[in-house]
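Peer 1: Using the sequences and the hints given, assemble the complete structure.
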Amino acid sequence: MRGRRALHLDPRVRFATLVGPGALFIVLFLLIPLLSIVVFSFWRTESYELISDWNVNNYEAVLGEWIYLKFLLKSLAMAAAVSAICLVYAWPCAYLIAKHGGRYKLVLVLLTAAPFLTGILLRITAMQQILGPIGLVNMALMELGAQPIQVLMYTNIASAVGLIYLWIPFMLLAIYLSLFNFNFELLEVAKVNGARPWRAFFEVTWPLNWMGTAIGIVLVFIPTFAASVTPRFLGGPNGSMFVNRLEHQFGSAGTWALGSAMGVVMCVASLVVIFVLWRTVRLRRAGFTGAGA
Amino acid sequence: MAAVNPGARFVIGGQTAMLLALYLFLYFPIFYIGYLSIMENNVWPFPPVFTGEWYDRLMIMSDFHVGLLNSVLIGVGTASLSTLFATAAAIGILRYPIRRRGVIVVLFLAPLFVAQILIGISTLMFNRNVLGIPGNIESAIVANTAYSVSFAFLVILAQLVRYDWRFDEVAQVFGARPFRTFREVTFPNIWPAVLGAFIISFILGFNNFEITFYNVAAIPTLPTIAWGTLRHGIEPELYALATIVNALVFLLLFIIYLLIRVGALRLGVPEE
Numbered sequence: 563m564r565g566r567r568a569l570h571l572d573p574r575v576r577f578a579t580l581v582g583p584g585a586l587f588i589v590l591f592l593l594i595p596l597l598s599i600v601v602f603s604f605w606r607t608e609s610y611e612l613i614s615d616w617n618v619n620n621y622e623a624v625l626g627e628w629i630y631l632k633f634l635l636k637s638l639a640m641a642a643a644v645s646a647i648c649l650v651y652a653w654p655c656a657y658l659i660a661k662h663g664g665r666y667k668l669v670l671v672l673l674t675a676a677p678f679l680t681g682i683l684l685r686i687t688a689m690q691q692i693l694g695p696i697g698l699v700n701m702a703l704m705e706l707g708a709q710p711i712q713v714l715m716y717t718n719i720a721s722a723v724g725l726i727y728l729w730i731p732f733m734l735l736a737i738y739l740s741l742f743n744f745n746f747e748l749l750e751v752a753k754v755n756g757a758r759p760w761r762a763f764f765e766v767t768w769p770l771n772w773m774g775t776a777i778g779i780v781l782v783f784i785p786t787f788a789a790s791v792t793p794r795f796l797g798g799p800n801g802s803m804f805v806n807r808l809e810h811q812f813g814s815a816g817t818w819a820l821g822s823a824m825g826v827v828m829c830v831a832s833l834v835v836i837f838v839l840w841r842t843v844r845l846r847r848a849g850f851t852g853a854g855a
Numbered sequence: 038m039a040a041v042n043p044g045a046r047f048v049i050g051g052q053t054a055m056l057l058a059l060y061l062f063l064y065f066p067i068f069y070i071g072y073l074s075i076m077e078n079n080v081w082p083f084p085p086v087f088t089g090e091w092y093d094r095l096m097i098m099s100d101f102h103v104g105l106l107n108s109v110l111i112g113v114g115t116a117s118l119s120t121l122f123a124t125a126a127a128i129g130i131l132r133y134p135i136r137r138r139g140v141i142v143v144l145f146l147a148p149l150f151v152a153q154i155l156i157g158i159s160t161l162m163f164n165r166n167v168l169g170i171p172g173n174i175e176s177a178i179v180a181n182t183a184y185s186v187s188f189a190f191l192v193i194l195a196q197l198v199r200y201d202w203r204f205d206e207v208a209q210v211f212g213a214r215p216f217r218t219f220r221e222v223t224f225p226n227i228w229p230a231v232l233g234a235f236i237i238s239f240i241l242g243f244n245n246f247e248i249t250f251y252n253v254a255a256i257p258t259l260p261t262i263a264w265g266t267l268r269h270g271i272e273p274e275l276y277a278l279a280t281i282v283n284a285l286v287f288l289l290l291f292i293i294y295l296l297i298r299v300g301a302l303r304l305g306v307p308e309e
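Chains as they are written, first to last, in the working numbering: chain X, 563 to 855; chain D, 38 to 309.
No wet-lab data here; the hints were simulated from the structure. There's no promise every hint is true.
Calculated pairs, SDA-like style, for lysine to any residue (alpha carbon to alpha carbon, straight line, at most 20 Å) [what the hints assert, rightly or not]: (1) Lys-661/X with Leu-649/X; (2) Lys-667/X with Leu-63/D; (3) Lys-661/X with Gly-50/D; (4) Lys-753/X with Ile-49/D; (5) Lys-661/X with His-810/X; (6) Lys-667/X with Ile-297/D; (7) Lys-636/X with Val-754/X.
Since this is a predicted model, take the numbers as computed values, not measurements.
Peer 2: In structure tokens:
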């Protein structure tokens, strides 16, 4: 009886009982499937069936053949550009809400996050009605007797606008949460000590909020890099991205092993981005405390 | 307070303009599609000529009702599982400060850092080739939960950090068993956060395309119907569908906003 009671009260047992089911679920239905495609990526496909014949041909194709590599580089460039634009645009907005939002902070932030929940497809449908050939922008220009803007009609630029539209809320939210916990009085200290506003920003605000910013970059970079719907419906004839090639392997092509290898490459590329940003978080912190010594 | 100097005022003015432009960018397409859904002419709907035809056509679309039902099923299933796992985990993590609990937090947030399409294809491949399970509503619910649980976890954790666990300790000192403590003390205090997490994960499961698409085989859901329609060139019915879904999402979000207010009061935190 005493033994049972002691076991029952052990915080570690209680912790495991509460946390265990969810943790197990994530391991079973997220991590193990992801690991399974690592295995499949070393197999080959024959007439729509996977065959466990170990080889590295899929990786040779993805990383060695220009038709795949080209799309990989293009997707990386697109993700980098979209993340950069979101970063530069979201920072001042998040800063304004965090510093001057007062009692409306919560409403102002929820308003930027709300459109994210209306679903990717419906948001891209809405974007098509603004940017496309018969979209509002170009129809209005033609009604006014002006030339339609060609770059907005089914191009990579239109794709980028659509991706910014989809994911900028994540960037804003991450930066806002960081600034929400930031002590703005530090800026007053910097000012009293003679720092100009820009210097105070780059030496106090930016480094102390870099971690939140880095999380925002990752949260935008990953879905943008993996975007399939946006380039498909806004990108036009030259809009195809790495993921559209990947989807092709799982669709009509039925080359599951090659598709798995492309998925693994995507996953590794995302992990490299996370790792690089994580390193900068540590370096910046060390640099910051070092400066005060 | 010291007078704001012209430079600072200029900066605040610029930031305000940027934020207003962002709201316009985010909301104009959503309102415009709502406007299009009641316009007879969808190409250049000025001056406006109203019609309810697109809604009528949507209602008689054979797939629409089945798709709606399936999306609701996926939403409710995803939300139930996600909320259950997330609530238990958040309580465990906040209440029992075990060493290395950081690892568990990272595990619960990991799905946020995996592209949805990778979750979609990897679960498809695993179910098909290892478990031999065909695509259906249940596998879509499981795969969606693996993603939405992170959001539910964040929503609950963000609100529970302010909860005072001494309430529970008092109940246990007076002899309440853990489950009874939860039912009679913890839950009545934290229900707004739990309901908020349920609504968020419902919306995510209901609207999800990339995970659901690879896991439901040919079973129609609202997002896959929208995808099929978009592929064959846009139909005005899609505007009606989008408007209905958007209205539903904004209604649910308004409820969440009220819940956060109620939750803040319940947790004894003064309003900002």
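Peer 1: Take the hints in turn and mark each one as holding or not.
Peer 2: Cross-check of the supplied hints:
no. : hint                     : result
1   : Lys-661/X with Leu-649/X : holds (18 Å)
2   : Lys-667/X with Leu-63/D  : holds (18 Å)
3   : Lys-661/X with Gly-50/D  : holds (13 Å)
4   : Lys-753/X with Ile-49/D  : holds (18 Å)
5   : Lys-661/X with His-810/X : violated (47 Å)
6   : Lys-667/X with Ile-297/D : holds (13 Å)
7   : Lys-636/X with Val-754/X : violated (47 Å)
Of the numbered hints listed earlier, those contradicted by the structure are 5 and 7.
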